[in-house]
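Could you fit the two chains together into a complex? Lean on the hints.
For the record, the sequence lines run as chains A and B.
Under the numbering used here, the residue at position 62 of the first sequence is numbered 87, and the numbers go up by one with no gaps.
Under the numbering used here, the residue at position 75 of the second sequence is numbered 363, and the numbers go up by one with no gaps.
The set of hints was computed from the structure by calculation and includes no laboratory data.
For glycine and all other residues, C-beta sits at the position ideal for the given N, C-alpha and C.
Incorrect hints may appear among the rest.
Have a look at the derived ranges for each label pair, beta carbon to beta carbon [claimed, not checked]:
#, chain 1, residue 1, chain 2, residue 2, range
1, A, Lys137, B, Leu385, 43 to 49 Å
2, B, Glu345, A, Lys137, 41 to 47 Å
3, A, Ser51, B, Val338, 24 to 30 Å
4, B, Leu385, A, Ser28, 26 to 32 Å
In silico DSBU-like pairs for lysine-lysine, Cα to Cα no more than 30 Å straight-line [unchecked claim]:
#, chain 1, residue 1, chain 2, residue 2
5, B, Lys342, B, Lys332
6, B, Lys332, A, Lys93
7, B, Lys329, A, Lys74
8, B, Lys332, A, Lys74
9, B, Lys366, B, Lys329
10, A, Lys74, B, Lys342
11, B, Lys366, B, Lys342
12, B, Lys366, A, Lys86
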Amino acid sequence: AQSVTQPDIHITVSEGASLELRCNYSYGATPYLFWYVQSPGQGLQLLLKYFSGDTLVQGIKGFEAEFKRSQSSFNLRKPSVHWSDAAEYFCAVINTGGFKTIFGAGTRLFVKA
Amino acid sequence: EAGVTQFPSHSVIEKGQTVTLRCDPISGHDNLYWYRRVMGKEIKFLLHFVKESKQDESGMPNNRFLAERTGGTYSTLKVQPAELEDSGVYFCASSQLAGGLGYEQYFGPGTRLTVT
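Excised from the complex, chain B in its bound form (with noise of 0.2 Å):
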């Protein structure tokens, strides 16, 4: 079974491009997770999808993040437009819908964005 995915595994920007993260979710994985970690910091929640909708947006820093999974398959994360503080490795993680397996996340190996 493969597992979470995510493209590209880098990414360097300049300040004021645009980027789009993409992430592929185990199949058959409803629940659909975007988190990031800032260099140094920890890993922080961004949102969560489940099927198409989004549950919890919560952690989306400002309104230049837009997340979209449309027809609940794989998910785009744009960052528009990027800015210094806006690097860091962004991660995906998914999770089945049902009882107690919805916990587990399985999780991508991350993209790392650089925004100089």
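Pulled out of the complex, with its shape left as it was, chain A reads as follows (with noise of 0.2 Å):
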């Protein structure tokens, strides 16, 4: 069965500071990978997604994503963090042959001044 693994529950940064948070999935084919975040009172919003093609995937808010099947993992990064990037980070897949994303159990993001 597919499934996502955020190792991180939780992760602090100082603001300015290099984030990268932790994706690693199983699946047997390629698959389609997603990180969405949702800060406190919204829903889940789309940063960024990757079907196939070049497997450096830049998103919005400044994030960006790798795709590296030899690791099955689809880690995401942003080189300088912002307070307002405080939230929870779920990185998903969907599944093969349908349309139901299986999420990662989410990693939140705490920022200091």
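Rendered as structure tokens:
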């Protein structure tokens, strides 16, 4: 069965520091991968997606993610974190032959001044 | 363009009562999905509509949950009777029907359901 693992439940970074959120997936074929963000009181917002092609994908708000098939990973990065990035981040994959999104447990990001 | 909307934003009910959640997808989106996040757990898929037809309802927890999408527009999710373990945030999402665009789902703000 497909699964998504986000090993870090929460992460704290200083404002201006770089960020990397980890995501590993278990999937038999080429996955469709996503990162979503949920700010307090808000819904899920799509940050970026990978379907095929260039393995480094750019998203909104200065985020990027790199698909590494050999490591079954799709880590999210940002070079300089802003206080407004404090939120919960979800890695997700679409299952084979369907549209069911499978989510990781989420990583809550705290940003300190 | 309006996004996915959900109503109500919060609902507090007693165990045994009935609650109906509503989702209005983005206009023109034939795919509609329901997901749920129970406290401390990951977001889980409940079901998927294509227009008015249920395409996949493998995630529905039990027969106390009933989802409908009459006319292929808005959808309702009824929980009857509600149990304590039904508490959580219920998300609705929609996507276009065609090709790769169908995989890009737009989520609503969610309905927070509390069963006491």
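Checked hints:
Between Lys137 of chain A and Leu385 of chain B, the C-beta spacing of about 44 Å keeps the proposed range 43 to 49 Å intact. Between Glu345 of chain B and Lys137 of chain A the Cβ separation comes to about 44 Å, which falls inside the hinted range of 41 to 47 Å. For Ser51 of chain A and Val338 of chain B, the hinted distance range of 24 to 30 Å is satisfied, since their beta carbons lie about 27 Å from each other. Between Leu385 of chain B and Ser28 of chain A, the C-beta spacing of about 27 Å keeps the proposed range 26 to 32 Å intact.
About 17 Å separates the Cα atoms of Lys342 of chain B and Lys332 of chain B, which keeps this hinted pair within 30 Å; it holds. About 25 Å separates the Cα atoms of Lys332 of chain B and Lys93 of chain A, which keeps this hinted pair within 30 Å; it holds. Between Lys329 of chain B and Lys74 of chain A, the direct Cα distance comes to roughly 23 Å. Compliance with the 30 Å bound is thereby established for this hinted pair. With a CA separation close to 19 Å, the supplied pair Lys332 of chain B and Lys74 of chain A stays within the 30 Å bound.
This hinted pair checks out: Lys366 of chain B and Lys329 of chain B have alpha carbons roughly 21 Å apart, not beyond 30 Å. Of the pairs offered as hints, the one joining Lys74 of chain A and Lys342 of chain B holds, with about 26 Å between alpha carbons and a cut-off of 30 Å not exceeded. The straight-line distance between the Cα atoms of Lys366 of chain B and Lys342 of chain B is roughly 15 Å, inside the 30 Å bound, and the hint therefore holds. Among the hinted pairs, Lys366 of chain B with Lys86 of chain A is inconsistent with the structure: their alpha-carbon atoms are about 36 Å apart, more than 30 Å.
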